[in-house]
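Taken in order, these protein sequences are the chains called Z and H.
Position one of the first sequence corresponds to residue 1 (this note's numbering), numbered consecutively onward.
Position one of the second sequence corresponds to residue 1 (this note's numbering), numbered consecutively onward.
None of these hints come from the bench; they were simulated from the model.
A couple of the hints might just be wrong.
Taking CB as the label site, the calculated pair distances span [unchecked claim]:
(1) H/Cys436 - Z/Asp311: 26 to 34 Å
(2) H/Glu431 - Z/Lys126: 54 to 62 Å
(3) H/Pro354 - Z/Thr214: 55 to 63 Å
(4) Z/Thr214 - H/Tyr372: 56 to 64 Å
(5) H/Ser439 - Z/Arg13: 29 to 37 Å
(6) Z/Asp5 - H/Asn559: 48 to 56 Å
(7) H/Ala208 - Z/Val320: 27 to 35 Å
(8) H/Cys436 - Z/Val320: 23 to 31 Å
(9) H/Pro204 - Z/Gln316: 51 to 59 Å
Calculated lysine-lysine pairs in the DSS-like style (CA-CA distance at most 30 Å, straight line) [as the list claims (entries may be wrong)]:
(10) H/Lys483 - Z/Lys325
(11) Z/Lys323 - H/Lys266
(12) H/Lys266 - Z/Lys325
(13) H/Lys483 - Z/Lys187
(14) Z/Lys325 - H/Lys199
(15) H/Lys199 - Z/Lys126
Every value quoted in this text rests on a predicted model; they were computed, and no experiment measured them.
The beta-carbon is built from N, C-alpha and C at its ideal position, and this holds for glycine as well.
These are the residues of each chain, in order.
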Amino acid sequence: MEAQDFKSDQYVRFCPGCGDHAITMALQKAMAQIGIPTHQTVVISGIGCSSRMPHYLNTYGFNTIHGRGAAIATGVKTSHPELNVWQMTGDGDCLAIGGNHFIHSLRRNVDLNICLFNNRIYGLTKGQYSPTSPKGFVSKSSPFGTVERPFIPAELVMGARGTFFARTLDVDMPTTVKCMVEANNHKGASVIECLVNCVIFNNGTHAWIADRETRAERTILLHQGEKMIFGKDLNKGLALDYSSGMFPKLIIVPANDERVLTHDATTADPTLHRMLALMGQKHFTGEQTGDDTLPVALGVIRNVEEETYNDAVNRQIDEVRAKAKAHCFDELTQTLEQWAM
Amino acid sequence: MQNVVVRFCGDSGDGMQLTGNMFSSLSAILGYEISTLPDFPAEIRAPQGTLGGVSGFQVNLGSGVYTPGDRADVIVAMNAAALKVCTLGSKFNHPGAKYNANESMFKRDAIIIVDTDSFTAKDLEKALYKTDNPFEELAIPESVQIVPVAVTTLTKESLKDSGLDNKSILKSRNMLALGIVCWLFNRPIDRAIEFLEDKFKKKPALIAPNVKVLTDGFNYANNLHLNINTVNIEKSDELEHGTYTAIAGNKATAWGLIAAAEKAGKQLFLGSYPITPATDIMQELAARKDMGVMVVQAEDEISGVCTAVGAAFAGDLAVTSTSGPGLSLKSEAVGLAVMAELPLVVIDVQRGGPSTGLPTKTEQTDLLQAIYGRNGECPAVVIAASTSANCFKFAYEAARLALENMTPVILLTDTYLANGTGLWRIPKLSELPPICPASVPAEAAGHYNPAMRDPETKVRYWATPGMKGFEHRNIGLERDAEKGTISTNPENHELMVLNRQQKVEQVAERIPLLNVQGNPESDTLLVGWGSTEGHLMAAARQLNCALAHFNYIHPLPANTKEVLLKYKRIVVCELNTGQFADYLRSKIEGIRLEQYNEIMGQPFSVERIVSQIKK
Chain Z
1 MEAQDFKSDQ YVRFCPGCGD HAITMALQKA MAQIGIPTHQ TVVISGIGCS SRMPHYLNTY
61 GFNTIHGRGA AIATGVKTSH PELNVWQMTG DGDCLAIGGN HFIHSLRRNV DLNICLFNNR
121 IYGLTKGQYS PTSPKGFVSK SSPFGTVERP FIPAELVMGA RGTFFARTLD VDMPTTVKCM
181 VEANNHKGAS VIECLVNCVI FNNGTHAWIA DRETRAERTI LLHQGEKMIF GKDLNKGLAL
241 DYSSGMFPKL IIVPANDERV LTHDATTADP TLHRMLALMG QKHFTGEQTG DDTLPVALGV
301 IRNVEEETYN DAVNRQIDEV RAKAKAHCFD ELTQTLEQWA M
Chain H
1 MQNVVVRFCG DSGDGMQLTG NMFSSLSAIL GYEISTLPDF PAEIRAPQGT LGGVSGFQVN
61 LGSGVYTPGD RADVIVAMNA AALKVCTLGS KFNHPGAKYN ANESMFKRDA IIIVDTDSFT
121 AKDLEKALYK TDNPFEELAI PESVQIVPVA VTTLTKESLK DSGLDNKSIL KSRNMLALGI
181 VCWLFNRPID RAIEFLEDKF KKKPALIAPN VKVLTDGFNY ANNLHLNINT VNIEKSDELE
241 HGTYTAIAGN KATAWGLIAA AEKAGKQLFL GSYPITPATD IMQELAARKD MGVMVVQAED
301 EISGVCTAVG AAFAGDLAVT STSGPGLSLK SEAVGLAVMA ELPLVVIDVQ RGGPSTGLPT
361 KTEQTDLLQA IYGRNGECPA VVIAASTSAN CFKFAYEAAR LALENMTPVI LLTDTYLANG
421 TGLWRIPKLS ELPPICPASV PAEAAGHYNP AMRDPETKVR YWATPGMKGF EHRNIGLERD
481 AEKGTISTNP ENHELMVLNR QQKVEQVAER IPLLNVQGNP ESDTLLVGWG STEGHLMAAA
541 RQLNCALAHF NYIHPLPANT KEVLLKYKRI VVCELNTGQF ADYLRSKIEG IRLEQYNEIM
601 GQPFSVERIV SQIKK
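Could you put the whole structure together from the sequences, leaning on the hints where they help?
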C-alpha cells in the first residue's frame with residue numbers, strides 16, 4: 001500500500017508552516033508501511049488543531065468532543081478489537097481536559113496508538129498557555145507569565161504505568177514514521193509524543209533541539225539494542241554514574257568509554273526509561289536555562305508487553321461463555337425462579 | 001380481603017431487605033400480585049439501634065395490586081427505633097411527636113409484631129425515647145394490635161445447640177420473624193426453606209440453622225401463644241396466563257437490553273460508572289458475560305457515555321446507565337451522539353436532586369433535563385418505564401428506537417422502580433417486536449458519506465468500521481447535508497437542525513397511541529408519566545375518573561392533544577414541581593391543566609391524591 005491510499009479528498013487546513021503537515025504525511029507513510037487496510041483502520045480525535053487529522057485520512061474516522069478521544073477510542077477498541085485504532089490528540093485535549101481518560105487508557109493498557117501533538121500552546125483558541133507550557137510562559141491568558149508547573153508527558157505516561165512511549169520531532173520524518181510503526185507493532189497503549197511547532201502562536205518552541213545546527217548535540221536518538229551514542233561526530237555516549245550518592249545519575253562520557261549504555265526499551269522496570277525521558281526536559285518546563293545538560297531523548301524509549309485491556313475483556317467473556325449453562329435470552333430466563341399462573 | 005400490606009422494619013443490619021424479598025417472592029409464587037418498596041437509609045451502617053439506621057421493606061400482595069400500599073396492615077418491628085419510625089413516619093425525629101394517622105406507616109387496625117427483647121432501657125435510650133413505655137409515649141391507638149414476641153430469646157433458644165457463635169445466632173433473628181409472618185399468612189414453609197437453600201448454597205453451613213429458626217418461628221406462632229387470626233387474601237384473577245417471576249426494576253432493565261441486543265443481532269456494550277440507584281444495572285450486566293455482554297466500568301460518568309459512543313460508532317447496541325448527576329455530566333457526549341446521529345441508550349434511574357440531593361430516594365425531577373438538557377438544538381427520544389416489571393419492555397423499546405432511528409434514547413426510571421419488585425410474565429424472544437437497525441444498503445459502497453439518510457424517515461444510514469467501501473469521517477461539528485463533510489454554511493446548518501428534529505418527531509409514527517384507563521366517561525382526567533402509574537391507577541379507581549398515563553414523552557403519542565382536550569378537568573400528577581405539566585403546556589397551546597405535586601423523595605400516597613382531587 002502507498003501513502004496516497006491513506007489520503008482523503010479533503011484540503012489540509014493546517015496553517016502554512018505548521019508542524020502538523022509533517023505529522024500528517026508521516027502518519028500516511030506509516031499506515032502504508034503497516035499495511036492494515038483503510039476500512040479496518042479507525043482514527044479517533046477530540047478537539048484542537050491535532051484533532052482535525054481524521055479528516056485528512058481515508059480511513060474510518062471520528063472527530064469527537066474536547067478531551068474525550070481516549071474514552072471513545074477505548075469503546076471502539078474494546079468492543080471491536082479486530083480494528084486498528086489510533087487517537088490524535090494535543091497537549092490541551094490530552095493533558096488538560098482529557099487528562100483523566102488519558103491516564104486511565106494507559107493504566108488499562110488499551111491497544112491504542114496515541115499521537116500526542118505537543119506544541120505547548122492552545123492554537124485553535126488562539127494562544128493560551130497549555131499544561132506543557134513552561135513556567136513563566138507569556139501568553140494571552142498569562143500576560144504576566146504562567147505560575148503553573150507543567151507536565152512532562154513522558155513522566156505522566158510512566159506514572160500511569162504506560163507500556164510504550166516514544167518521542168519525535170516534526171522536522172524528523174524518518175524517526176516519526178519509525179516511532180508510529182513501532183507504536184502500532186506494540187500491543188497495548190502506545191504514546192508517541194510528537195514535538196510540533198506552532199508557527200503562529202508559539203513559533204520556535206522546540207527550536208533549542210529542533211534547529212539543524214544544534215540538533216545532533218542536544219538530542220540523542222535511541223535505537224533498541226544499540227549503544228547510546230550522540231553528537232555531530234557521534235563522539236559522545238551516555239553512562240550511569242554511581243559515584244554521587246545513593247542514586248545513580250546519567251552522565252555524558254566519550255563514545256568509546258566502556259560504560260556507555262545499551263538501550264533496552266523492553267525492560268519492565270521503568271527507572272532508566274524515566275531517567276532517559278526526563279533528560280533535557282527542564283529546558284521545556286522553564287526550570288532551567290543554558291545548554292550544558294543532557295540531550296533530549298528521541299525515538300522509542302519504552303516498549304513493554306503486557307496483556308491489553310481489550311484482549312483481557314474479550315478473553316474473559318469467551319471463558320465465561322465456554323462454561324455457561326445459558327447462551328441466549330430464552331435459556332437465560334430458564335435460570336430464574338419461576339412459576340406458571 | 002383483597003390485598004394486604006406488610007412492612008418489615010428493623011436495624012439496617014437485621015436483614016430486613018432479605019426477609020421482605022423472601023416473603024414477597026413466596027407470595028408471588030403462590031399466585032398473588034405483588035408490589036414492593038425497599039426503604040433503606042443512605043448510610044451503609046448507621047449506629048446500631050438508632051433512628052437513622054432503620055431499614056424498611058414494604059410489600060402489598062393480593063389482587064388488583066398497583067402500588068406497595070400507602071400504609072401497612074401488618075408491621076414487623078425488630079427494635080424500638082423501628083417502632084418509632086413506623087409510628088411517626090417523617091416526624092420520627094421530632095421530639096415529643098405522637099401517633100398521627102396521616103403520618104403513621106400503619107393503619108389504625110394494624111397488627112404490629114415487636115421483638116420485646118429489643119426494648120431494653122438501652123434500646124429505648126438509643127431510639128431517643130423519654131419514658132420506659134414506648135407504646136404509651138408514642139400514643140399508639142388501642143385499635144392497633146400489638147403482638148409481643150421475644151424474638152431474640154427464641155432465636156437463641158432455637159440455636160443453642162448449633163455451635164454458632166452469638167453474633168451469628170443473632171443474625172438469624174429475621175428468620176424467626178419470617179416464620180411467624182409465614183404462619184400468619186398461611187404460607188407453606190417448604191417453599192421458604194427452598195429459598196434458604198438457594199440463598200446459602202455457597203455457605204451450606206448456614207442452611208440448617210436458618211431453616212431451624214424459620215421453622216421454630218412458624219411452629220411457635222402455630223402451636224402456642226399467638227392470639228391473632230391468620231389472614232386470607234384473594235389471589236389474583238387479573239393476570240394473563242403464563243410463566244411468572246418476581247423481578248426488580250434494575251434487573252428488568254438490564255434484561256430488556258440483553259433481549260434487544262440478541263433480537264437486533266448486535267453485541268451489547270455498557271459503559272458506566274457506579275452511582276446510586278443505577279449501579280445494579282451495571283452489576284447485573286457485568287455478570288452476564290454468558291450472554292456476551294461487554295461492560296466497561298469507566299473512570300467517570302463522562303467516560304462511561306463516551307466509551308458507549310465509541311462502541312455505537314463501531315456498530316454495537318451501546319448503552320450507558322446513570323442517575324441525575326451523572327446525566328448532567330453526560331450531556332455533552334449525548335449531544336455528540338445526536339450530532340453524529342448514532343444509536344445510544346441512556347438510562348437515568350432518577351433520584352432526589354438537585355446536586356447530590358437524596359441519593360436513595362425517588363423523584364421525577366430529571367424530566368426536563370432529559371428532554372432539553374444539552375447545548376444547541378439537540379433533540380433526543382425520551383421514554384419512561386412505569387412499573388418495575390415493564391422496565392424490561394421499555395429498556396427493549398429504548399434499544400429498538402435507538403437502533404431503528406439512529407438517535408440517543410433516554411430511558412427514565414427511578415429509585416422506586418429500580419429497587420421495587422413486581423411480577424413479570426417471562427416472554428420468549430420470538431414474542432418481542434422485531435428490531436431492524438438502520439444499516440446502510442450494500443449498494444452504497446464506494447459512494448457512501450455519513451450524511452446519507454432515508455428521504456422519508458430522515459434516519460441516517462449506519463455504516464460501521466470494518467465495512468469495505470464505507471470509510472467515512474463522522475463529526476461533532478456541523479456537517480454538509482449532501483457531502484457529509486464539515487460545513488459552516490448558514491442555510492445548511494438550518495436544514496440539518498430541521499433534519500435532526502424531524503427525525504425525532506417522526507418517531508411518533510412508530511410508537512403506540514395514548515390510551516385512557518379507568519373510567520373514560522368521567523369529566524376528570526388524571527395525567528401522569530413514569531413510575532406513578534400504579535398510584536394514579538389506584539387513585540383513578542377510587543375517584544371513578546379517567547387516567548392518561550405516558551410512557552412515551554418525547555415525542556408524545558400522536559393522539560395526545562385529541563385525548564386530553566376531551567376532558568373538562570385535567571390534573572397532572574408528578575413527583576416534581578410540574579415539569580411534565582409545563583412540557584404539555586408548551587406542546588398543546590392553550591390547554592388548561594391543574595397540578596398535583598409531591599416532592600418528598602417518596603412515591604405518591606394514593607390517599608393524598610384522592611383527597612386532593614376531591615377538593
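Numbered hints the structure breaks, given as an ascending list: Going through the list in order, the structure violates hints 9, 10, 13, 15 and respects the others.
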